[in-house]
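Novice: Residue numbers (this note's numbering), protein chains in the order written: chain A, 1 to 382; chain B, 1 to 382; chain C, 1 to 382; chain D, 1 to 382.
It is worth saying that the hints were derived from the structure and are not from the lab.
From the three backbone atoms N, C-alpha and C, an ideal C-beta is built for every residue, glycine too.
Don't take every hint at face value.
Residues from chain C that face chain D, not an exhaustive set, calculated with beta carbons under 10 angstroms [to be verified]:
no., residue
1, Gly317
2, Ser349
3, Ile352
4, Glu353
5, Arg355
There are 4 protein chains.
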Amino acid sequence: MTDVHYHDYLQLDKILNAQELESNKHNASAHDEMLFIIIHQAYELWFKQLHHEADSVVAIMRKPSLNDNSPELQTVVHRLNRIATILRVLVHQIDIMETMTPMDFLDFRDMLRPASGFQSWQFKLLEAKLGLKFEYRHGQEYYTSQLRQQHIDLIKAAENGQSFLQLMNTWLERMPFSPAPPPPKGGSSEAQSQLLENTAINKKTPKSEVSEQVSPPSGEPEGAWDFWSEYKEAYSNSLAEAEKNNLDFFNEVFFQQRETHYTLSAKANRAALFIMLYRGYPMLQQPFQLLNSVLEIDEQLSTWRHRHINMVHRMIGTRIGTGGSSGKNYLKAAADKHYIFKEVAQLTSFLIERRKLPQLPKEVEKKLGFASSSPLPPGGGT
Amino acid sequence: MTDVHYHDYLQLDKILNAQELESNKHNASAHDEMLFIIIHQAYELWFKQLHHEADSVVAIMRKPSLNDNSPELQTVVHRLNRIATILRVLVHQIDIMETMTPMDFLDFRDMLRPASGFQSWQFKLLEAKLGLKFEYRHGQEYYTSQLRQQHIDLIKAAENGQSFLQLMNTWLERMPFSPAPPPPKGGSSEAQSQLLENTAINKKTPKSEVSEQVSPPSGEPEGAWDFWSEYKEAYSNSLAEAEKNNLDFFNEVFFQQRETHYTLSAKANRAALFIMLYRGYPMLQQPFQLLNSVLEIDEQLSTWRHRHINMVHRMIGTRIGTGGSSGKNYLKAAADKHYIFKEVAQLTSFLIERRKLPQLPKEVEKKLGFASSSPLPPGGGT
Amino acid sequence: MTDVHYHDYLQLDKILNAQELESNKHNASAHDEMLFIIIHQAYELWFKQLHHEADSVVAIMRKPSLNDNSPELQTVVHRLNRIATILRVLVHQIDIMETMTPMDFLDFRDMLRPASGFQSWQFKLLEAKLGLKFEYRHGQEYYTSQLRQQHIDLIKAAENGQSFLQLMNTWLERMPFSPAPPPPKGGSSEAQSQLLENTAINKKTPKSEVSEQVSPPSGEPEGAWDFWSEYKEAYSNSLAEAEKNNLDFFNEVFFQQRETHYTLSAKANRAALFIMLYRGYPMLQQPFQLLNSVLEIDEQLSTWRHRHINMVHRMIGTRIGTGGSSGKNYLKAAADKHYIFKEVAQLTSFLIERRKLPQLPKEVEKKLGFASSSPLPPGGGT
Amino acid sequence: MTDVHYHDYLQLDKILNAQELESNKHNASAHDEMLFIIIHQAYELWFKQLHHEADSVVAIMRKPSLNDNSPELQTVVHRLNRIATILRVLVHQIDIMETMTPMDFLDFRDMLRPASGFQSWQFKLLEAKLGLKFEYRHGQEYYTSQLRQQHIDLIKAAENGQSFLQLMNTWLERMPFSPAPPPPKGGSSEAQSQLLENTAINKKTPKSEVSEQVSPPSGEPEGAWDFWSEYKEAYSNSLAEAEKNNLDFFNEVFFQQRETHYTLSAKANRAALFIMLYRGYPMLQQPFQLLNSVLEIDEQLSTWRHRHINMVHRMIGTRIGTGGSSGKNYLKAAADKHYIFKEVAQLTSFLIERRKLPQLPKEVEKKLGFASSSPLPPGGGT
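Given the sequences, and given the hints that come with them, work out the whole structure.
Specialist: Structural data, given as structure tokens:
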């Protein structure tokens, strides 16, 4: 094995010779163009790393036998947290961009047309992999309008494949711990309601996939214990007068989902809420951390978009961007809309006080990791 | 002189004994309530410091003789930067709050009703001092609805007094360097147009104050040099086809202001743009830093509001806040609206490339701090 | 139940009226003294919160039956992470202090003598609670020389009580999973060596406590499986020529501990290393996170001390501090010495590559949380 | 002019295809090696940007006619601040590296030998450009021992050329405002003492350069006003009993410099102190900001080194680094020694209270930017 040298290993000859200033070509050298190039290259390098992490996480989540207390789930949580850590640095990095004043940007801005950050396919691809669907994009056709076909194809493939969000939905659905829904009133069969509630995110999924996901024996035990009726009662009691219509929302989210825009099925939502409520149990600790991680990622993405908007506004005001976008307005609308995991975030609305939580039956507690000997306060832990 | 002891000097007996948990009173001790109290106290302590800085800055700006290259203007810039630095830490501090999970908050949330962050009068007072007017507040009457009269009075007094923004307007108007507007076409007298353009922020100001500000000889030299016609021409040429209506906006902002919602007068806007364009000149360096500082403050306030929204959403979802607010929606609307210095930010839209800037006459250059011997590239500097 | 108001709940009348400037008393009002007071009050508020967390964590760790996969251990990890998050903000907060220039500090510095940050008993008490012993303090008698007796008493009590570090040692010792040490060569009985290796941190602990900790049946199984001989062999093979003396260090840390300065016993070190090596197993996930958290806390404390030193140096240079300290040098020596969890950090030296890890016997794997059906790569996970 | 596309402009084909994992070549794919490569590439990209800024700043400082209130000095300050901003992000970026656990690093660590961060020539070159001399490096020959000849040559050239620190020394020496030193006692001629005190940093500089720098008429006015005797008196009075030997230090730093290790001459030190004391005057505002910026850069470099040490320690403990270094100890010694601007930092030791500052003569005040009409409190400003 030959020796490795830092300079070669990092291919620094490539990396450090990949900055060619347009302003030099125009014989109007602009000092700050170097910063402009390098910061974007640094962003793209980190985007590549985010893809590396996202791809590995998706690959693990795709395994049918993923155990909720396995090293693999631990790995998923660890890498999601790394994604959040990287995003935090990318937000901070905007500070550097902001040392470029608008006048300094004007020195070379026109030379870049029509190049634009809108042509960063890696970021859009990342959103797609994580779970942002085409139909939820602001200004749908617009966002790929400036990309090359090869990159559009990558994004389309990601949008048509199973995103992390979809895989998380499937994983939540097969949670072996979450209680079954209340028995249907009237005569509709359990099978029907099961089918109904599994469909959310898969409404456009080909038959074969659906059946694969539905056919395994449901994780929800079929026992007589009616957790959800009990919980719904407790939730209803917790609502202030002005909040009473939250109950309809509760039914919608956890049982009916008459709308088609949900990305998490009713069943997945029930599992996710159950995890949040009883996270103290060993078997729910990793799943709870996973849910927390995706919220943290969404928050960092949101903060990134927010600071990006402010930065663009400070840099070009109401001028039209180099890529022809009207700048702030597009970004603003996209930022308000592109919360990938917003359905997880909204589950907070359905929590109740710990001391009012239904007590779990012994056999459920046991499955969740505590022998009967261990006295656990309901929903204990932090 | 008696010795000073750290513990007494900081009055730690008061500070460290000011945490009384409601959950303890209810015999339902909630561990995280201590965090909830202490983080809010830390915020309020820092708000007091922000007031200390804002008050001192307002006091300096109120002096009629404030020189643009004086140690006092330097002090203003220094303290505005300190305000931004503090705000940056306050944004970061949200990370600590986010270690409190929604379930942990629920343990004591109901015991606090109707206390709420909406009752933080210091923050609202700060916004008012900096320049947020009652009429620009989202949900106007609402924001003071839960405050005590003494605190409402403080806010009203600030809203009716001269805010930092107004004082900045006045200071910009009396800038001794900025060129006069183009001569009026037709027969309207210079005096009239002067009167017109000074009025923006003072539309509701009592006569006496207006006349005080208008009567001193205008800082804008009355020479034959017509900077603004020249600049407007250059700006117009810089516009892409799709941006052509920016020219109307240009006229509106710098000369007409037919609307009444402006907080900066046309004259002040002209001075501010001139500062941005020619910031390389010694006399304009401090003024440029001042403009930069207020943008930084607005950005930090905006980021604070943004993260606050996400944090509240993560904590209570669509539940109603302890203060009865519908949470996220109110905060969102306020955040989108409450940019205090947005008229400064939008001036970026009217910059042009440095190499196309009008060359300043020698006598203007001299006033700006360079003897004719010193060869300065137009608009040089960074 | 009476209504709660934000202003009263937070006792803002106390908090916001606890700033009395010495410079005002001297009729030499110094603007920046307010900042000086408020930043120190904010630090002390947060120190109180850190104590709140540290106390709760110590209380949990003191329980004899703490299960390694319990909600309580999860709570410990969560709160340790919160401590790290708070420390991160406290480090950032130094940015604010640094907006005070040395000249501005001089305006009131002499009025504060002999008050000094050295009189912050809360920080010293926190170090003691976490595990910093009197004998490891730099300049031992010095650090309490300026404190009041009541605060010295608190610190002494903490130093003489069971610190978090000691409790962590005890908890590691009773880990039910870690393998037994290799059988003693020659005739020394197991009991003797057990006694020997449990003593580290307790060398000065009164008899009764020691016996309490030693007497329960050791967690290390007494089977024929000789993990440590196997591991030592693998470790030895991993060493480069220049590292060969690490093997002596290995023996010292995990088996002999002839020196008396250790804070973790050999047995605890073995458990901690085992956790690091096999963290992928469910039962070791929380313990691994706990070890990670204390390293993070130490790193933040270290960064805090480092930036504090730089800040003091920038502020007073080689002048003598208000408390009479020679400033930077004392702080520097203390910073280099006061790593509370350094023995955990150094365990990294004894890791080997995952693919060379000894394969665990089936019955051990089962205890660690995997049924034999689940195929686990040795030491899998992240 | 052809269109520019984001992907080509940033040469993303190069940038995103420059990651080749050694672990893949060994058929032992290690997930975290990608992170290891990308974070180092991101660091090197930013180092290139730091060089871009440092080079531009050095080029400006080299101009013989640099005016202290010019746009160019403003540009220098702006770019130094940008360097500090970038360094702050680079410090933060260590958070990402710390998501890699030691076990994950071990998966590919041995495959990289002998590559090592010690082979990062860009960082060493940056230190040299800023002013770190070979003779002040810890373990002198060692630090270039692993570099390639072409990179060693670059560093040697920078060490032998004029560093930013030397240029700052020259610039300080020619400050047209700072008062002359007290007249020499006894018969030594002014010319001699001038020669003496200019030599500090140039002790090894060839004759020709020295004479070039000394020959222009000194900026220090030769008038009868003896500022330094007055200031020394005031400083002496400000010293506490235990600080009395600071007076010798004062004489050494500002007048004698009998040692040869100084990087700033006595004359430069006097100018720098004068700037700190009277920073409120217009002509001293930019110079003061420049001094502040270099202190900020040194602090960020110091924090970077500090966190880097902790990170390395956490990652490899006392093992030997891939490059054969003994890791922490070398880094620690280097970190303690490599403060580039420490002589600026130590000037803080010689400040006195503002109200005891000598009043400047009218003609000096005038030169500093205030007409006699403007009443300035001595040393006013912040």
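Novice: All hints, please: hold or fail.
Specialist: We went through each hint and held it up to the structure:
Look at Gly317 (chain C): its Cβ gets to within about 3 angstroms of chain D, closer than 10 angstroms, so that hint holds up. A least Cβ separation of about 3 angstroms between Ser349 (chain C) and chain D falls short of the 10 angstroms threshold, and the interface hint therefore holds. For Ile352 (chain C), the suggested interface contact is upheld, since its CB lies about 7 angstroms from the closest CB of chain D, less than 10 angstroms. Checking Glu353 (chain C) against chain D: minimum C-beta separation of about 5 angstroms stays under 10 angstroms; hint holds.
Contact between Arg355 (chain C) and chain D, as hinted, is supported at the beta carbon level, the nearest pair being about 7 angstroms apart and thus within 10 angstroms.
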